[in-house]
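**Q** Spelled out, the chains give:
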Amino acid sequence: MLRLVGGRALLALPLLFIVSILSFVLASFAPGSIAASILGTGATPDQIARVEQQLGTNRPVLSQYGDWLAHAVRGDLGSSLFNGESVTALLASRMSITLSLAIAALLFAVVLGIALGAFSAIRGGIAARITDGLSVLLMSVPNFWFATILLAILAVQLGLFSVSGYVPFGVSPRDWVASLFLPVIALMVGSMASLALNTRSEMLTVLKADFVKSLRANGIPVGRILFVHTLRNAAAPLLPVVGLLFVGLLGGTVLMEQIFGMGGLGALAVTATTQHDLPVIQGIVVFYTLAVIVVFLVLDVLVSYVNPKVRAS
Amino acid sequence: MILLRRLLRQPLAIACLAVITLVVLACVFASLVAPYDPYAQDLANILSGPSGTHWLGTDALGRDVLSRILYGGRVTLFGTLQAVVTYVVIGVSIGLIAGTIGGIVDSILMRVADVIQSIPALITLLVVLAVFGRSETAAMVSFGIFASAGLMRVVRGVSMIARTEPYVAAGTVAGLGPFQILWRHIRPAVIGPVLTQVSLFAGIAMLVEASLGFLNLGVLPPAASWGNLVSDAQLAINRQQWLLVPTGGIVALMCLCLTLLGIALRDTYSSKSTAGGKSLSSWRSFAATMRRVPATPAAAAPALVSEYSQTAGREILLEVQDLSVAVGDLTLVDGVSFDVGRGETIGIVGESGCGKSMTVSGLLRVPPPGATISAARLTLGGEDLLGLSEQQMHKVRGKRIAYISQEPISSLDPLHVAGRQVAEAVRAHRGVSRSEARRIALELLASVRLPDPEAVYTKYPHEMSGGMAQRVAIARALAGEPELLIADEPTTALDVSVQAGVLDLLVDLRDQRGMSLILVTHDWGVLADVCDRAIVMYAGQIVEDAPTADLIAAPRHPYSAALLESIPAKVAPGVLLPMIGGTVPAPADWPSSCRFAGRCRFATDDCTHAPIPLTPTVTGVSRCVHVDRLEEKEAADAVTTA
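These protein sequence lines are chains A and B, in that order. Mapping of the first sequence onto the UniProt record's numbering: residues 1 to 313, in sequence order. Mapping of the second sequence onto the UniProt record's numbering: residues 1 to 642, in sequence order.
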């Protein structure tokens, strides 16, 4: 197991490298000068040159990247072009909000999605058709719209939840849950729905397998056929899907933070985008890639736990 | 085009296409259709709900929402289009390259796809927007590029499969150029999946475009897009909540239609590849419909069989009368009657497609989904099985009747070690503790003559040989100490060298445990060695049932005779091996009269008029009006050989 984790972690390093260099190179294609956008219109070429000198943005891209990388490996992701704040500190102070959202949404989506999909695959009939129909509907609803509707009904009209803001776990676990509840629900329904449909179709594929007939013909208890055999076999192809869902959820936090007024990384990303604050965006990209790598790693371990063939190789 | 025609047979798909077309047209021709200018302010009607003058109400500046949705749609739909075009062009071309060239190019491209797919799309877009300064085109094109990794995977997979199809390989050998292969063979295979993906992706791209608009990263106000209309509605949430309904609703509606269309497309092409048979819709659809039918006069015949066999003083374990299995409108097993005595072995023979396996599936009540099983009588040790509920029947399976299948390795769950699968059955049927179940499982593994039970216990199915796996499957079947073991071609998939071993094992186990055995086979050698009685099936019916020795020595049905004549071992060297001309007809084409008549050398007009009943012969029963002619021929053969 340790070897697997180590191997996958090594494989992940190039990914981080590629992603960071990619965003750097992309930035170098940006039309116009960053310094000019900071200084605004009316800046003289002299002023621009001076700011470029200060920021080091007048040097070749690769040397800039090398510089960034040398600092990044030591945990220093540079500082914001606008207010000079350390990017690492910015990320550290805001990541708990984003990660709480994304991870809670992932857990809910996985548990509820698999439960709904399994229900539909086992039960069949009208109940299953309703479940499937609802899933397709929920997949199509824009999550930012759904979030706003929840806000309109539950918070504004019924006053059940606070309209916005994030309460850290350390301050009050109860309020932490209450502040996360609506955004997590709004964020996860689409993923839940798509996982439900996937689970259903994977389970039906497994149910057609030869061994299921043999298990039935030899009187193995139905609960074991369904949950120990069928669901476990279905899990192998589902786990990669879960990884992709997490990627989507992480992107979705940007919207949820905006709607529910939570100052996480997503909100930071939006601000940085409107301000062309590339070091901050670069830091966020690296952080998100890291989060995705960790989740993929966990899923890899789970896949190898589920599938003996993977474990052997 | 077949795809399109099939698609247009689904009302839901037509409805979705209609909605999409209508909305797209309305937006494109917004300047003609929209009731107001999208920027015109009606300050007397601010934040009004739907009314006669403003069908979908007005926003905080008194602008007509319907008009803004129509004009805003241009922005959103155009952005979606940009992403979709990029997605298709890149995804299809790279996918084809990876799928048709393969090798190192393929593995590099797949790695790149891995990397791309692990970056959150929305974040990518933020980077692009930061870099290119709010260029929506840049954002949507990049989104198309990034998302195309998914399409590339699909295209690669399909074209890889298509490329290795025997007929495509044959085309290569026959000298078709790569472009001809691409056009003739790979294009048709790829088009269905691509259209499906495009439809689903268009929905996603629309959501992304709307998300950008909602974050106010797209077009700048006062210009409208579907996303920033929702954003406007959100700002007015405390004053007028109606505004949320049409603005987000249009995005949801369009996405829903695109998603449903994608699903309909997928169903269309996947149903094309898995034609025929009823598909499995849920676990519950496994449950067969059970029906008790009155015994027909024809069912009197097996009583005669029993009579002849009862003279040997045998105790009947399983009695089957008029068993039929139908799937959909097709009757696959048609009125089969026989019985099995305790400790007896009966063999069921016939070509593929004669209903042998379906007969035993019917007995065990594990037929394909959507089946109807009917019988006049179905008893085990005197207990009526027909009246049992599915739950009660499930307790009979494994405990009293066990089953082993043709494909040993795939009959085991690939994700569990062999021992656990045996122990699981032990626990299910004997209700013992975990450790006790393990001990019994090891005993069972030893009893099926696996040399090192401890080692086999921890092996996964993919680590075993076919013979080994079949022994494990037998051990699992023995866990409930069944009175009857049904083996569906237990040696067919095995190497010739291990077939005899497995067969000997089955015979010894039968003798040690006093089990009865039903052996489905098409191997006369197996039948002659092991079976007390042979049942010959043809096109869903029993055509002959007699003691094995008698049947082999003197078949009383032309089909049995023909099968026996085509055994290589029985034919003298140098003589051409006789074969039965033609094939078993498909169930839909089974005539009500003699089903073998079309292939039978004895066939006369009598054979094709009316159903032929089973009638007693000297040795058993036969479904033939020409039994006497077979007997004469046999007598004549006997004279000539003498």
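Fair warning: there could be bad hints in the mix.
As the list claims (entries may be wrong) - Subject to a maximum C-alpha distance of 27 Å in a straight line, what follows is the list of computed BS3-like cross-link-like pairs (lysine-lysine):
#, chain 1, residue 1, chain 2, residue 2
1, A, K309, B, K399
2, B, K395, A, K208
3, B, K399, A, K208
4, B, K399, B, K459
5, B, K633, A, K208
6, A, K208, A, K309
Think of the hints as simulated: they come from the structure by calculation, not from any bench. Treat the numbers as computed from the prediction; the structure is a model and nothing was measured.
**Q** If a hint holds in the structure, say so; if it does not, say that too.
**A** Taking the hints in turn, this is what the structure says about them:
1. A:K309 with B:K399: With a Cα-Cα distance of about 32 Å, the restraint between K309 of chain A and K399 of chain B is violated, given a limit of 27 Å.
2. B:K395 with A:K208: At roughly 22 Å apart (the allowed maximum being 27 Å), K208 of chain A and K395 of chain B satisfy the hint.
3. B:K399 with A:K208: Distance of about 23 Å is within 27 Å: holds.
4. B:K399 with B:K459: holds, 25 Å
5. B:K633 with A:K208: Distance ~48 Å between K633 of chain B and K208 of chain A Cα, so the pair is violated.
6. A:K208 with A:K309: Given that 27 Å is the threshold and the Cα spacing comes to 21 Å, the pair holds.
Taken one by one, the earlier hints fail for this structure at numbers 1, 5, listed in ascending order.
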